[in-house]
Amino acid sequence: MKKQKRMLAMCLAAAVAVSMAVSACSGDTASSATASGAASGTASGTAATNADRETVNIRFAQYGNSVDDVAGMENDPVKKAIEEAVNITLEYDTGTEGFDDRMQNELFTGGAADLFPTWGESEKISSWVEDGLVVNLSEIVNADPDRYPTLYKIFNSDEYKMYNELYTGDPDSAYAIYGISAYAEPSFSGVPVYNSAILEEVNGGKVPATVDEFIDYTEACAKAGYVGWWPRNDKLTNWQQIDMTIARPQGTTIMPPTGDAWNGFVLSGELGTDSEKWTLATVSDESKEVVRQLHEMYEAGALDSGIGVKSDFDDAYAEFGAGNLASADFGFGYPSQFKDFYNNPWLASNPDGQLSDLTLGTALTEDGNYAKTYSTGTWVGSHYFIPTSCENPDRVLDLVEFVASTEGQDLLHNTENYVYRDDQGADYWNAATAPYGYGDGRCKYVWFSYMFSGTEYEVNFADNDWWEAVSNPIDNSEHWATESDQAAIEYARGVVSEFRDEVNVTLPTYYNMISLSSDAEEIRTKLTNTTNEYLSQMLGGQLDIDESWDDYVAAYEQDGAAELEQMVNDAIATARETYGE
Amino acid sequence: MKRNRSKKPSIGRRTMLGRLGFNFYDVFIYGFCILFALVCVYPMWYVFVASVTPYEEYIKGGLMLWPRGGVDFQYYIAIFSTKSFLNSLWISVSKTVLATVLSVLVTSTMAYAVSKTHVRGMKVINALVVFNLFFTGGLIPQYMLYQDLGLLRSYWVMVIPGALNITYFVIMRNYFTYSVPKELEEAARLDGCTDVGLFFRIVMPVSKAMVAAVTLFIAVINWNDYYNYMMFIGNKTELQPFAWILRRMLVDQSMMNTVRNGAASLGLQTPPPMALRMATIICAMVPILCVYPFLQKYFTSGITLGAVKE
Numbered sequence: 162m163k164k165q166k167r168m169l170a171m172c173l174a175a176a177v178a179v180s181m182a183v184s185a186c187s188g189d190t191a192s193s194a195t196a197s198g199a200a201s202g203t204a205s206g207t208a209a210t211n212a213d214r215e216t217v218n219i220r221f222a223q224y225g226n227s228v229d230d231v232a233g234m235e236n237d238p239v240k241k242a243i244e245e246a247v248n249i250t251l252e253y254d255t256g257t258e259g260f261d262d263r264m265q266n267e268l269f270t271g272g273a274a275d276l277f278p279t280w281g282e283s284e285k286i287s288s289w290v291e292d293g294l295v296v297n298l299s300e301i302v303n304a305d306p307d308r309y310p311t312l313y314k315i316f317n318s319d320e321y322k323m324y325n326e327l328y329t330g331d332p333d334s335a336y337a338i339y340g341i342s343a344y345a346e347p348s349f350s351g352v353p354v355y356n357s358a359i360l361e362e363v364n365g366g367k368v369p370a371t372v373d374e375f376i377d378y379t380e381a382c383a384k385a386g387y388v389g390w391w392p393r394n395d396k397l398t399n400w401q402q403i404d405m406t407i408a409r410p411q412g413t414t415i416m417p418p419t420g421d422a423w424n425g426f427v428l429s430g431e432l433g434t435d436s437e438k439w440t441l442a443t444v445s446d447e448s449k450e451v452v453r454q455l456h457e458m459y460e461a462g463a464l465d466s467g468i469g470v471k472s473d474f475d476d477a478y479a480e481f482g483a484g485n486l487a488s489a490d491f492g493f494g495y496p497s498q499f500k501d502f503y504n505n506p507w508l509a510s511n512p513d514g515q516l517s518d519l520t521l522g523t524a525l526t527e528d529g530n531y532a533k534t535y536s537t538g539t540w541v542g543s544h545y546f547i548p549t550s551c552e553n554p555d556r557v558l559d560l561v562e563f564v565a566s567t568e569g570q571d572l573l574h575n576t577e578n579y580v581y582r583d584d585q586g587a588d589y590w591n592a593a594t595a596p597y598g599y600g601d602g603r604c605k606y607v608w609f610s611y612m613f614s615g616t617e618y619e620v621n622f623a624d625n626d627w628w629e630a631v632s633n634p635i636d637n638s639e640h641w642a643t644e645s646d647q648a649a650i651e652y653a654r655g656v657v658s659e660f661r662d663e664v665n666v667t668l669p670t671y672y673n674m675i676s677l678s679s680d681a682e683e684i685r686t687k688l689t690n691t692t693n694e695y696l697s698q699m700l701g702g703q704l705d706i707d708e709s710w711d712d713y714v715a716a717y718e719q720d721g722a723a724e725l726e727q728m729v730n731d732a733i734a735t736a737r738e739t740y741g742e
Numbered sequence: 005m006k007r008n009r010s011k012k013p014s015i016g017r018r019t020m021l022g023r024l025g026f027n028f029y030d031v032f033i034y035g036f037c038i039l040f041a042l043v044c045v046y047p048m049w050y051v052f053v054a055s056v057t058p059y060e061e062y063i064k065g066g067l068m069l070w071p072r073g074g075v076d077f078q079y080y081i082a083i084f085s086t087k088s089f090l091n092s093l094w095i096s097v098s099k100t101v102l103a104t105v106l107s108v109l110v111t112s113t114m115a116y117a118v119s120k121t122h123v124r125g126m127k128v129i130n131a132l133v134v135f136n137l138f139f140t141g142g143l144i145p146q147y148m149l150y151q152d153l154g155l156l157r158s159y160w161v162m163v164i165p166g167a168l169n170i171t172y173f174v175i176m177r178n179y180f181t182y183s184v185p186k187e188l189e190e191a192a193r194l195d196g197c198t199d200v201g202l203f204f205r206i207v208m209p210v211s212k213a214m215v216a217a218v219t220l221f222i223a224v225i226n227w228n229d230y231y232n233y234m235m236f237i238g239n240k241t242e243l244q245p246f247a248w249i250l251r252r253m254l255v256d257q258s259m260m261n262t263v264r265n266g267a268a269s270l271g272l273q274t275p276p277p278m279a280l281r282m283a284t285i286i287c288a289m290v291p292i293l294c295v296y297p298f299l300q301k302y303f304t305s306g307i308t309l310g311a312v313k314e
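Protein sequences appear in the order of chains D and L. Using my numbering, the first residue of the first sequence is number 162, and each one after it goes up by one. Using my numbering, the first residue of the second sequence is number 5, and each one after it goes up by one.
Isolated chain L, as found in the complex:
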């Protein structure tokens, strides 16, 4: 009895947190999560603040929680007055959309086909595809292949070679194999649905969450990709993606000079390199950040789908 009495909560000793329905562990967990979120978000916030802070304030250093000395968008004006920035933004958006649509389409159709292991030869095709996940021909054979295909120095070298994403092919194949109910497919067939119709009208809609998550990941890969431009195009500045411009702003003095001189010719104060880099990073982040809210509702469920096999 004594023990029971001691366990009984005492009204008088209840803290404010207790009355609100929290205990010590809740506070710790929330605190930790908030702290962790701040650690993740602060670098981005810092970059934004630095990109709108007048340079003379920025170089004073120290912790910057908000813009000191007022908000100044002159670095963004300098960036967008440079012709190659706008053009590269268009290239990045267009190639991201095209490459993502193509990649999701090719990868999902291939994954669906290969998931039908009862069809003769599919296991061999699967093995051939997965082989490339572990072994590749290397850069020179890749270069020669693109040359023979007429892809070198063309826009399409940033779109077509990534059409089959093997990592997501494996994920999608597993999903189609283990998570799409066979009964649904059989019912559709009984109703007279063709293979193509079955895929687009039955399988894809029930796989929406997974496809949305994969789409997001592939879009991010395409948005951030500059390697294909750097290696296989190189000298056609009209095809530069924004990620490459950002990279150049970080390492290429002549690119930085172009933007700074452009700003000066507009009558702006010559912007300091660090501030321009910060503003460019924000410009590179914002478009792809805009995609997240549209796919967020599918995202959490999508990335865990197929993780547990039944």
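In isolation and in its complexed conformation, chain D is listed as follows:
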């Protein structure tokens, strides 16, 4: 017993000694950090240019890059140029899985990166502001407009203040750099691409133009031994392609209310006026007929029987590349999507293939009507924050100011005064992109790419106000595209232009400011789950459509479909009254 007590006492003493040693170490770190912060504050208060300011290290975080190639990063010419221009050392931080959680944990525990992103979730912004976790950026910028001219212009634009008000209720306090996404040209779903050889064999080369023609074609393909159609949907939860290809041209939708607030609804009345009204149509009688059509296609082998199981970009790609699939649907309302599809799966599986092997179809019609894609053309991308634990927020804003400036955008996007430079090609850019997992011939930088434009395009703040710049970004990608890529894009653009304006409907910008309550979000989640459950079983034949449709409608009513419809229309009306012209 005496021995055991002695051992226990020794263990306790050892534990105390270890704890003291650890706390001594962390105490050193804390005091050195404080000293560094104080030094920076003094320097920044008196200096006029970045060169005169203290050199600090800034940790910048961005989703989805790679930092494995340490040697390559050291030789990255663009990183060096940024470091030199802002007089800082840059430390890149990245990740994919768990990245958002890590960013949040670091924020809560005082160890966040100096500039870190979220995907624009409004509830995060307001709660972080309430908890005092993120820096009020406009306070720093407005106190020194000469130091931050571009940011001053951005933060004091009416539209930026509108977002401030939406997120925090205070139009004059900006706690984030808002990244707004916009494509350089309209994008929409529901355009099939056909294997030209099968199209020739089964349909004499005639491209289906109506929903009925398309269904007949896919059924004929099935009879000829091919799989008629693969709409992108590997989990039976992504109904977008089916909806846009088959349901929308028929004036209805089978989509559940998910994603954009107006998904699952059909519009009546005039957009932008008091008469606009959105009606939930997922369980309408017209939708029932569409589901019946889909089930019949499934039974006939016209719709791929692997739907819900087969993965989109591996299995389905491989099937298409191998010539087993007659048509596939992965979007294609955007020309570069078609280019990507032509490269992989087609050329990857058929190295000697040609562009004419594929035929880009048309958006289908029914009774002369096209499917309509409603979009504001812009949507919220990532937002960047500076945590209150950051020792030098003013220096971080120097970095943001540089990135926003003409010099910074030119550096990142290979331009000179926003005009593409032909003297720096892929060879130069390879050194700046390959270390981060790219090096694929692109001539633009892969860091800071989401900071202002969620679609990674160049933005011109020098000649435009904030909203004009972010909603009309500059796409330079065609300048560095290979000849083959350019040919594919041009071909797709030519085809799409024939019906693009018929399909694409631009919503008023106040649709960006629609804010649904948590109750509405809860109903949307329930309805989406209900749709996923019923639709997948009806499509596959596990549920009889006629017998089960009433149950489906009843489930929608029970889940609060009518309340949601009211909530959505109220939210749109509020946005129209508050932010409409």
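Hints in this document: simulated from the structure, not taken from any laboratory. Predicted, not measured: the structure shown is a model, and the values here were computed from it. Glycine residues also receive a C-beta, built at the ideal position from the N, C-alpha and C atoms. Hints are not guaranteed to be accurate.
BS3-like mimics (lysine-lysine), calculated; alpha carbons at most 27 Å apart, straight line [what the hints assert, rightly or not]: (1) K240/D with K240/L; (2) K87/L with K240/D; (3) K241/D with K240/L; (4) K87/L with K241/D.
Simulated restraints on C-beta separations [unchecked claim]: (5) S98/L with E457/D: 56 to 66 Å; (6) V101/L with N218/D: 52 to 62 Å; (7) A212/D with F138/L: 52 to 62 Å.
Start from chain D and add chain L according to the hints.
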């Protein structure tokens, strides 16, 4: 008599199986087991076959029982020409060995101490430890603790926090309580053995089977663990474990691009993503599979030890 005669086996009617000593039930059981084993093994075999099959053959799909179009190790060459793969393999091996040794040592010594319930306070310590099996502080307190301990962004965050494995602590404690003969311990004490000597020279050797099984399980946990890296290190690529690389190969396009571009720079044909994923899965499986044969003899008896209390 009639009944007895009818039961007597007829030599003429004996089947080949009967002559070999099998009956219908044996055949069914063996058949079922073989089928089940095939169902378990085929996915692994499929992954291996896909990793050595030229892509143009792979995408033809269908059942793949063996590599079509010859065996091609180009995907493995591409993987091992990527520097981060070799480094991560070293990190995984080293942290698995260190963390497993530490975990077995800490867990077994603690379990042995707590199994001595006659020592005052051991029941309280036991309750405090087991409490953590059901309730934890959550991620943020854990993060703050590691930060204060200076473990964040360090190699040791993948080793030290797992030193006490509570699940195996409970199993070991029960084993030491119910399955190690008290007489052995008393005899050792009479011979003058110290507490530490008793544990290492008497208790551990007689618990070899259980310890081997627990070691294997803990090693597998450590080998497959990437969560600690993902949450608490995150940005130090030189500390990436192989399980994280594998995960990234599955979900991270930039990681895939790095390997593909690396292969292209070696003059290899740019490998397709799916084939690279298959090859990476095999690379992640093989090292830990190598551990099994060494522990197999203890394994079957070890996992059932302590299941029956006497």
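Given a hinted range of 52 to 62 Å, is it respected by the beta-carbon distance of A212/D and F138/L?
-> Roughly 58 Å apart at Cβ, these two residues keep to the hinted range, so it holds.
Is the hinted pair K241/D and K240/L satisfied, with a Cα-Cα distance of at most 27 Å?
-> It holds: about 20 Å lies between the C-alpha atoms, which stays within 27 Å.
Given hint K240/D paired with K87/L - CA-CA distance at most 27 Å = Since the Cα atoms of K87/L and K240/D sit roughly 22 Å apart, the hinted pair holds (cutoff 27 Å).
Take the C-alpha atoms of K87/L and K241/D, compute the straight-line distance between them, and say whether it is at most 27 Å.
-> 24 Å, holds
Holds or violated: K240/D with K240/L, Cα cutoff 27 Å?
-> 18 Å, holds
Can the suggested window of 56 to 66 Å be confirmed for the beta-carbon pair S98/L and E457/D?
-> Between S98/L and E457/D, where Cβ atoms are some 59 Å apart, the hint holds.
Hint check for N218/D and V101/L - Cβ pair distance inside 52 to 62 Å = 34 Å, violated
Hint compliance for this structure: hint 6 alone is broken.
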